[in-house]
Amino acid sequence: MVQQNITLISFGYFGKHILEKIAEAVRQELRYPVNFKETHIDLSEFFDPGRRQYNGNKLLQAVDTMSTEQALKTVGLFSVDLFIPVLTYIFGQAFLNGKTAIASLYRLSNERYGIEADDKQLLERFTKEVIHELGHTFGLIHCMTPACVMQSSTYVEDIDQKNQNLCHHCREQLSAVIPDQIIR
Amino acid sequence: MAKKISILIVDDEESVRDSLSNWFIEDGYRVECAENAKKALQLIEASYFDIILADIKMPGMDGLEMLRRIKSLRSDAIVIVMTAFASVNTAVMALKDGAFDYITKPFDPDDLSHLIRNASKQILLAQENETLKNKVVSLDSVEDIIGNSEAMKKVLKQVESVAQSNSSIIITGESGTGKELVARAIHANSPRKYYPLVSVHCGALTESLLESELFGHEKGAFTGAMYNRKGRFEMADSGTIFLDEIATISPKMQIELLRVLETKTFVRVGGNKETSSDFRVICATNRDLKSMVDQGSFREDLYYRLNVVNINVPPLRERVEDIPLLVDYFIKKYCTTMNKPAIPIDDTAMQRLEEYPFPGNIRELENMIERAIVIGNGKKISLKDLPLAKDLIDNSIESLDDFEKTFIRQILNKYSWNISRTAKALKVDRVTLYNKIKKYDLKPDEK
Numbered sequence: 001m002v003q004q005n006i007t008l009i010s011f012g013y014f015g016k017h018i019l020e021k022i023a024e025a026v027r028q029e030l031r032y033p034v035n036f037k038e039t040h041i042d043l044s045e046f047f048d049p050g051r052r053q054y055n056g057n058k059l060l061q062a063v064d065t066m067s068t069e070q071a072l073k074t075v076g077l078f079s080v081d082l083f084i085p086v087l088t089y090i091f092g093q094a095f096l097n098g099k100t101a102i103a104s105l106y107r108l109s110n111e112r113y114g115i116e117a118d119d120k121q122l123l124e125r126f127t128k129e130v131i132h133e134l135g136h137t138f139g140l141i142h143c144m145t146p147a148c149v150m151q152s153s154t155y156v157e158d159i160d161q162k163n164q165n166l167c168h169h170c171r172e173q174l175s176a177v178i179p180d181q182i183i184r
Numbered sequence: 185m186a187k188k189i190s191i192l193i194v195d196d197e198e199s200v201r202d203s204l205s206n207w208f209i210e211d212g213y214r215v216e217c218a219e220n221a222k223k224a225l226q227l228i229e230a231s232y233f234d235i236i237l238a239d240i241k242m243p244g245m246d247g248l249e250m251l252r253r254i255k256s257l258r259s260d261a262i263v264i265v266m267t268a269f270a271s272v273n274t275a276v277m278a279l280k281d282g283a284f285d286y287i288t289k290p291f292d293p294d295d296l297s298h299l300i301r302n303a304s305k306q307i308l309l310a311q312e313n314e315t316l317k318n319k320v321v322s323l324d325s326v327e328d329i330i331g332n333s334e335a336m337k338k339v340l341k342q343v344e345s346v347a348q349s350n351s352s353i354i355i356t357g358e359s360g361t362g363k364e365l366v367a368r369a370i371h372a373n374s375p376r377k378y379y380p381l382v383s384v385h386c387g388a389l390t391e392s393l394l395e396s397e398l399f400g401h402e403k404g405a406f407t408g409a410m411y412n413r414k415g416r417f418e419m420a421d422s423g424t425i426f427l428d429e430i431a432t433i434s435p436k437m438q439i440e441l442l443r444v445l446e447t448k449t450f451v452r453v454g455g456n457k458e459t460s461s462d463f464r465v466i467c468a469t470n471r472d473l474k475s476m477v478d479q480g481s482f483r484e485d486l487y488y489r490l491n492v493v494n495i496n497v498p499p500l501r502e503r504v505e506d507i508p509l510l511v512d513y514f515i516k517k518y519c520t521t522m523n524k525p526a527i528p529i530d531d532t533a534m535q536r537l538e539e540y541p542f543p544g545n546i547r548e549l550e551n552m553i554e555r556a557i558v559i560g561n562g563k564k565i566s567l568k569d570l571p572l573a574k575d576l577i578d579n580s581i582e583s584l585d586d587f588e589k590t591f592i593r594q595i596l597n598k599y600s601w602n603i604s605r606t607a608k609a610l611k612v613d614r615v616t617l618y619n620k621i622k623k624y625d626l627k628p629d630e631k
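Here the protein sequences line up with chains X and U, keeping their order.
Position one of the first sequence corresponds to residue 1 (my numbering), numbered consecutively onward.
Position one of the second sequence corresponds to residue 185 (my numbering), numbered consecutively onward.
Where hints are given, some of them may not hold.
For lysine-lysine, the following DSS-like pairs were computed, each having C-alpha atoms within a straight-line distance of at most 25 Å [as the list claims (entries may be wrong)]:
hint, chain 1, residue 1, chain 2, residue 2
1, X, 58, U, 289
2, U, 474, U, 457
3, X, 162, U, 305
4, U, 289, U, 255
5, U, 255, U, 241
6, U, 598, U, 611
These are computed hints drawn from the structure, not numbers from a lab.
Please read all numbers here as calculations on a predicted model, not as lab measurements.
All chains, full assembly: derive it from the sequences and hints.
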């Protein structure tokens with residue numbers, strides 16, 4: 001039997017050390033093997049010139065087709081501005097109880113909001129978003145616990161308020177669906 | 185766990201339906217979609233949705249027309265309209281037609297979350313309001329009437345069935361059986377519960393005072409009428425008027441009362457302006473009104489106008505199994521009032537209470553318990569604390585007839601065989617007393 005893992009696919013240039021840190025954080029939190037790789041696709045197909053943003057629904061579908069048998073879950077990492085038709089923007093998107101998710105750091109950087117850049121904070125926010133979207137792929141819905149990583153976030157400040165960790169309730173739900181977790 | 189809020193998304197664009205659907209499902213809502221207004225209305229008729237999120241521009245029936253139809257099906261429906269084209273006119277029309285809110289696509293994720301949260305809060309508030317309303321009803325309702333006996337269960341069932349209607353009711357029963365409590369329970373369970381229940385003790389007032397009390401008076405209508413005064417019928421507008429001891433009202437008052445009941449209008453004493461009032465009438469009496477009608481002392485037309493429903497409250501001696509409950513209730517009531525801890529009652533005392541016929545019914549029992557708590561040793565109610573007449577607890581009394589015969593003889597002897605005074609003390613009319621004397625063959629020199 002093929003050992004499954006959570007696969008992070010980078011579609012932009014993030015730097016290996018960034019991907020390693022994100023992968024480690026995901027491994028710690030979800031207690032599952034994580035690997036990462038880089039690939040390239042022509043993002044222009046997903047670009048909406050009217051909105052000057054990239055279609056999150058179509059990107060999610062595209063990443064889903066790249067998922068392999070080895071990947072229990074796949075997360076596409078982007079650095080472009082994502083949208084879905086009814087919303088002005090999204091930080092990420094996932095198939096609830098599905099195999100695939102996407103996340104973008106475009107709207108997570110301080111410079112976007114006229115604030116001094118903070119790479120450490122950017123990495124923390126991005127990591128939380130990746131874990132959040134992965135949570136959805138395991139069937140977790142938004143959580144009311146303020147510090148839980150599954151708390152809904154519509155602004156970056158909301159992301160800063162929550163932790164990188166699942167609350168007790170969400171962890172129990174997660175444990176029920178991935179019993180073969182690695183033991184720390 | 186609270187019920188999930190359900191959302192119906194109505195939009196002709198599949199990508200919009202899918203995106204919104206995923207968004208709301210991730211938030212824990214139950215979601216269904218419809219691609220047009222016709223399908224949406226079918227779903228709404230088949231199922232209940234807490235929130236309907238609908239696009240304005242759709243082929244066929246547009247969102248505004250759909251909104252009007254939804255509102256005609258459910259006036260409390262929460263409908264949020266969405267449009268890609270911001271237009272003040274459309275927004276105003278939608279809000280005028282009853283939309284909860286209006287949002288322009290694409291919306292800020294925070295705006296959407298905020299909007300749905302506000303709508304959810306409104307739904308939860310409405311549910312809470314409904315729950316609280318029901319609780320308010322239960323605070324002043326049939327639970328105040330103590331009794332598990334079949335006889336009382338029958339009364340409570342009658343209360344619940346008549347409460348919702350507007351029918352006039354006569355509550356009959358011996359003195360002290362709780363007729364006013366039953367009237368209160370009917371009012372508290374009726375659609376008029378948020379309006380006044382106005383009580384009038386007809387037996388305590390002279391004819392002229394009763395007239396003024398019921399209809400009100402104008403300033404100067406009689407000596408002492410220094411101000412205009414609203415009558416009880418006016419005060420009971422939209423509510424209920426309770427006329428206790430209805431059998432005591434004079435023939436003249438019976439005529440006036442009949443007219444008011446038929447027309448729901450009246451004129452204040454000393455006035456000339458007709459006033460109307462929408463009230464429900466509940467009456468009470470310990471007399472046999474039908475017999476009074478037969479004897480000509482109560483108007484037949486008034487009797488039938490009042491007696492649409494009759495609820496008879498049984499005497500305490502017919503619901504002996506309720507005595508322990510009532511004793512317990514009154515002990516708690518008076519111990520609390522007197523700042524004392526609740527005390528028990530010994531078995532012998534309770535047994536004697538269950539044997540006692542209680543001519544004064546619950547009022548008499550309440551009086552006994554209050555007295556026992558005041559004069560007793562404060563630890564336990566015993567037989568010596570209860571003023572049960574010794575000669576009523578008589579081993580020769582084996583039946584209710586025996587008891588009645590003994591009791592009537594006692595009272596006759598007490599008033600030296602003055603029939604009028606004896607009848608008044610027994611709260612029966614002279615004819616009834618004469619019939620009892622004849623029935624039991626009572627004579628003045630009999631012991």
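Are residue 58/X and residue 289/U close enough, with their CA atoms no more than 25 Å apart?
holds, 19 Å
Hinted pair residue 162/X and residue 305/U, Cα distance within 25 Å:
holds, 24 Å
Has the given pair, residue 474/U with residue 457/U, been kept, meaning a C-alpha gap of at most 25 Å?
Not OK: residue 474/U and residue 457/U at ~35 Å, beyond 25 Å, violated.
Are the Cα positions of residue 598/U and residue 611/U separated by 25 Å at most?
Distance ~15 Å between residue 598/U and residue 611/U Cα, so the pair holds.
Restraint check for residue 289/U with residue 255/U, where alpha carbons must lie at most 25 Å apart
Satisfied, since the Cα-Cα distance of roughly 23 Å is no more than 25 Å.
With a cut-off of 25 Å on the C-alpha distance, tell me whether residue 255/U and residue 241/U pass.
Given pair residue 255/U, residue 241/U holds - Cα atoms ~18 Å apart, limit 25 Å.
Hint 2 from the list above is the single one not met by this structure.
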